[in-house]
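Novice: Based on these hints, arrange chain B on the given structure of chain A.
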Amino acid sequence: MAARSGGAMDETNQYAHRIHRVVAALSHRVTAADVAEALVHEVAAVLGARAVAVFLFDDERKRIVTVRTVGYPAGVLERWSLLSVEESPLLAGVRAGELAFTPSRLSDARFDSSLASEFGDGAGVVAPMAAGGRVLGCLALSFDRVREFAPEDREFIGTLAAHCAQSFERARLFEAERAARAAADAARRQLEAVLDQLPVGVSLVNADGTAVINAAAGAIFGTPKRRIDIPPLAQRRMSMRRLDGSVYPDAELPAARALTGAAVPPEEMVVTRADDGTERRLRVNAAPVRDPDGVVRSAVTVFDDITEQHRAEEELRASYRRHAAVLRATNDVIWDFDPKSGMLHWNDALERVFGHHPDAANQHPRGGYAWWMDHIHPDERPSVAEAYDRARRSGVDTWNGQYRFQRADGVYVPTLDRCVFQRDENGRVVRVVGAISDVSEQYRLLDELRTAVRTRDDFLSCAGHELRTPLAALSAQLLGLKQLPLDEERRAHKLAAAERQVARLSTLVDELLNVSRIVHGELRLERERFDLGALVREVAARLAEEFERGATALEVVAPAPVVGRWDRLRIDLVVTNLLGNALRYGERQPVRVSVDEVDGRARVIVADHGFGIRHEDQERIFERFVRAVPSRQFGGLGVGLWLSRQIVDAHGGQLSVASESGKGSCFTVELPLDGA
Amino acid sequence: MKGTLLFVDDDRDVREAFGDLFEFAGWTVAFAADGVEALAWMAQNGAPAVIVLDLKMPRMDGYEFRRRQLAEPRWRDVPTVVFTADANVDGLHASTVSGAAVVRKSAAFSELTAAIDRATRE
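Chains as they are written, first to last, in this note's numbering: chain A, 1 to 676; chain B, 1 to 122.
Facing chain B, from chain A, some residues (calculated, C-beta under 8 Å): (1) Ser461; (2) His465; (3) Pro470; (4) Leu471; (5) Ala472; (6) Ala473; (7) Ala476; (8) Gln477; (9) Gly480; (10) Leu484; (11) Ala497; (12) Gln501; (13) Arg549.
Capping the alpha-carbon separation at 27 Å, the derived lysine-lysine pairs in DSSO-like fashion look like this: (14) Lys482/A x Lys494/A; (15) Lys494/A x Lys2/B; (16) Lys482/A x Lys2/B.
Quick partial rundown of chain A residues pointing at chain B, CB under 10 Å, derived from the structure: (17) Glu466; (18) Lys494; (19) Glu546.
Just so you know, the hints here were simulated from the structure itself, not pulled from any lab data.
From the three backbone atoms N, C-alpha and C, an ideal C-beta is built for every residue, glycine too.
Isolated chain B (complex conformation):
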């Protein structure tokens, strides 16, 4: 077992479709629809093995979640992969998500899993 993967995305279809794939890849998958839910999940369940984070979400977006995650010593070092549909995240936004790996939603699923593997190995 690889541990728990916290998948933060406001789109239910996305959560559902990728959730199945992550599970098949050996992860225990936990879901959150926005930053607020993700923080609540971690407060209740402790740090996951990895976080896959969408950026554009209602209530609390991925940038704000990332800021709060890094401010909290218990969660600061949780490997995080930003998984976004934004086209121009490579430039400005990448720096604002502070060191997290960035994978675009148009990429192949293998790219996402490779990024997650890299992040968790470090």
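With the rest of the complex left out, here is chain A:
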């Protein structure tokens, strides 16, 4: 027993040594194929088996698949690979975890007797390879001699198979892990490639402060790296500010907030890079990323670089503001018509110039175009509509129209309308932009100019008439003096008449010269000291004959001298003019002229009892070339009162009229005694 025990001990040690040897050989094998390779050789050597094979069950566990073999003929292996596990009691037992031994294949029906032709009779073993409670496959050994298996041998083989199974399982797990890692790597590379294609910056920030960023984010932050550490605020090289200028504290960064589990809606920030100082405007939003258990593992942050967009928007806004300022500044009423929608937009000038609210057009039940048409003067509406339509259809770029446009107060004003047609590639009008100006002022100026020209022509015609009449009389008198047989008395009479015509002509010429001087601002007063009463008496005496022939009584009331410094010739002209008017328009009723001094001012009053001047004409008669009656009936240049007022004004005095239609007129001249 001692020997036996000693033998057993030796054998035990021997088995332990053998297992150690096999396990050592298997331990550094990492793939299933490597394990099987080592196994078959080691087992064959250690147990002295003629052939060894390692089989694994297929995925369905219905057949066996040879992994590695040594010593077995190929035909035998092929036959075995075709065996159904169900039909082979041996394999079915192994699959169930049973170890099968036989000392002699030929005496055990479970074993394949056909091997005898190669190996002769001998022992056979099929051991299940189980790991983690599962049979992965089996280890088959064939000997070329009959032998018994001691319990130690059985134990050894069982242990060996278990080690084998563990090695296989380890290798399988290792391979599975390697495949999983490769798949994860591929997925990560694919994800990175996709992220790099994104036009927006994306970062995936982990709770530990590490982050993965895509190319766009790298471009924004100025780093070529894809894996970065988010530095704390104190070490941050890039300033991240809110739009109000405040710096983001660490905990307030979108990613930090998302890491607390909150979704961060888009917010705008300005980042200034430390490397080149460039400033970018970003729109940032962030969201937490949770694992299947709902724990926040990281935060994904999306950075949209809106710098260019923001700049473009700012430019657009500035351009719009400038455009709006132009639209406000102009007095042109700008309109913008969209034929498709029928909308007609106006600038604010519509209200300023025409009094219409800019929305008025589009509130019209039949649209903006109808509103426009409705405000064109009915007389011009058809022709304007026709001309506009013809321009629109003919393919030209512009249209101009002149028409009367109705203001909000109902008044029609003359306007000039110019517009530009914007057309698509087919020539269809897609937009019409135009400007309407109120040209009332231009029309008024034109009218004024026309009136001025007409007035001047009138004046020239009057002046011609006024000059020709005394000239005709003068030449007739001279002809008479030359040809008629005249006695002394008639001759003297004719000479006096001729002299009177010369005086008339020189007064007219003086008047014309004065008008011309005043118009050119060249009236210079030549003051001298004289008695106004005496001057009035002098003028009255000169006109006495005319008054007599006009059957008009002239009364002069100048009781006391009124002495001052005035331009004698021009004051003479004023008095002559006023008395002449009184005679002309006095209807042969008595005319009274009085001279006195009131409050240090000289005063001349010329009063007649003729047909007077209508109230509405009383200021107008002092205008140039204006008379209250048609020039056809009354002579004169039509400048007398205007000229008189200019002269009196130049003296610092006043010429006024009080009159009632049908009851006569009363002209009053007031002059400061010593001039202005």
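Specialist: Structure of chain B alone, referenced to chain A:
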């Protein structure tokens, strides 16, 4: 004797100076200071041999006088010469004085007498 020449002019100097010349030329001269006086004269004295008519006159001007003269069968055919200081009477105004000869006051006296002779011969 040539008959009566009715001289209608508001300017007394003109009336006087030309009156002498007409008389010397053989006319019996009658004067009127405006259209109203001229119509009154004709109503009282009948149609003259010829009328010399100024246009621009107070109360009733030459145009209105001419209109009334032509409306009255007794006076319609009295030869009439318009004698005016207006510069632009040749055009528009000539038609409005309805066929009367027009002489401007700046013309020589011989032109006026020639026009009167032509008018009275017709």
